[in-house]
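Visitor: Working from the sequences, and respecting the hints, build out all of it.
Going line by line, the protein sequences match chains A and B.
Going by the working numbering, the first sequence opens with residue -10, and the numbers climb by one from there.
Going by the working numbering, the second sequence opens with residue 958, and the numbers climb by one from there.
Source of the hints: derived by calculation from the structure; they are not laboratory data.
Being a predicted model, the structure only gives us computed values, none of them experimental.
Possibly wrong hints are sitting among the right ones.
[Unchecked claim] Computed footprint of chain A on chain B; a stretch qualifies when at least three of its residues, placed anywhere within it, have a C-beta under 8 Å from a C-beta of chain A:
no., segment
1, 969 to 976
2, 990 to 996
3, 1000 to 1012
4, 1090 to 1099
5, 1204 to 1214
6, 1233 to 1245
[Unchecked claim] The calculated label-pair distances, taken between Cβ atoms and stated as ranges, are:
no., chain 1, residue 1, chain 2, residue 2, range
7, A, PRO53, B, ALA975, 43 to 53 Å
8, A, ARG251, B, HIS980, 47 to 57 Å
9, B, SER1127, A, PHE18, 31 to 41 Å
10, A, TRP56, B, SER1169, 51 to 61 Å
11, B, SER1038, A, TRP56, 18 to 28 Å
12, A, MET117, B, ASN1168, 54 to 64 Å
13, A, GLN90, B, ALA1222, 45 to 55 Å
14, A, TRP52, B, LEU1028, 22 to 32 Å
15, B, LYS1029, A, PRO53, 41 to 51 Å
16, B, ALA1059, A, PHE165, 47 to 57 Å
The beta carbon of each residue, even a glycine, is placed where N, CA and C say it ideally should be.
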Amino acid sequence: MLSDRSPLSLRAAAIGGLLFLHLPILLIFLYAFTTEERSFQFPPPGLTTRWFATAWYDRPDIWPPLWLSLRVATIATSIALILGTLVAAAMTRTAFFGRDQISLLILLPIALPGVITGMALRSAFGIMDVPFSVWTIVLGHATFCIVIVYNNAVARLRRLSGGIMEASADLGANAFQTFRHVLLPNMGSALLAGGMLAFALSFDEVIVTIFTAGSGAEAKTLPIWMLDELIRPRQRPVTNVVAIVVFAATFFPILAAYYLTRGGSETAGMGK
Amino acid sequence: MSAPAILPARGFADRMTATFWRHPRVLLAILLTPPLLWLGVVYLGSLVALLWQSFYSIDEFSGVVKQEFTLKTYAELLRPSNFDILVRTVIMAAVVTLACAALAFPIAYYAARYAKGHWKAAFYLGVMLPLWSSYLVKVYAWKLILAKEGIIGWAAERTHSSWIIDGLLSIPGLEGSSLSTSPLGTFAVFVYIWLPYMILPMQAALERVPNSMLEASADLGATRGQTFRTVILPLALPGVIAGSIFTFSLTLGDYIIPQIIGNSANFIGMAVYQLQGTAGNIPLAAAFAVVPIAVMLVYLAIARRMGAFDAL
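Guide: Okay, structure coming up:
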């Protein structure tokens, strides 16, 4: 007889696995309140909230990286939204020569290890004499954000019946009106979800960014700032405060993307 | 008076619509040109340029890149110091993949077969949030955990089991003053960070195993263990392989984790980073970068044979 109840050991292993995935992140929160700033002593010798004030008032080095990361993520997401939607629109309706190759090409930036993408772009900038700037960072980020938007858009377009486009044309709408009044409202939530995931991915990216950012202080994104603090720590709890901010900046968009596409067969975030 | 069946074109937009209708390829070209310029020219161009440079070599005396075709740089990969890096990285990727598969299976199996309603959503979000949440924050969390004075050391001291950790840290090859400076730490962090990438495709594959097959197996007298070995595992294998593509490829290319946690032994990613940066040896860095690509191509070819792509 096949039982519908799970064996206790399986349930314990499954829930243990989930805890293993989540408990380490909780420690980040705990250590933001510790009074010990030179080591990672556990349990913390005392609790304080002063690191939040320190991060806000006394650490001007945090703000430029934060703004840079927000700016880069916003621009990269916008570019990815446009390019990702264009490819998705082309790939759903028609079969054409080279279609499989194009879908492989879109996947490539996240299928290959980031160090290869980063190094390829850096050496190309070197060959072409492109100086490092915000735009070289954006270029790298948009390249791997396209696939995130594309995945969400293409899943929604497949579900959309072609009939409504024909109905729109029959009623006298031209291609641009159909796009504006029929296609866009139907794709809105999928694009928003894709955009949020792309934003989270870009805001947090470090592996490609190190290669495309140059070495100046003005090219420091928030993850690069964090990496510096990891290698040469000072005021460790302040790093935790920033880690909480970074965590929140990725956590809420992901949650929103999940709720935006929930219920369909194409819930956002299945592949990173 | 009757309206005309075909409305006259009222401007540029209408004329464009008519063109799109008569020549669908025009629309296709307009849609595809910007993304293909970006990905096909800028990105693919950079990749090809990188591969190209791996066939150049560096002049040992002047340090200048000699721009003529040679396989000398690839031969350098076989030098013991460089070959060690390749072997170490591939072994680490293989061990991490196996550990991820073992840890992921109960979670994926429970979520696919037993979790219902709210629990199902909880499991889904419970895997997806760690997948997407900040990579550096997760690495940092493990620096806190593995530090000598951190939570593991504290728990071991409280339970009088510090000797287990000390014993592990004295095994040749795994030495370190604490877990965070031992290859064991590097291994643990790799497993933690890539685990969600294994769970999701595994769960997708397990969800496609029909319940009727499990019932049939039970009706024919198979024990739980037999059903698992002869029915569930073969049917879930494509999902396991799909997940292993991620864990394997991501471990091959990572250079942040071994830099922060571990005994700073070199991995492929770190070698690429150092060679192109401080050492300025772009040809050798490019040759190193070709290794993960080649390993992954072989791996993907095997995976395709075993039907892993249906599970992606």
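Visitor: Could you tell me which of the numbered hints above are not met by this structure, giving the numbers in increasing order?
Guide: Failing hints, ascending: 8, 11, 13 and 14.
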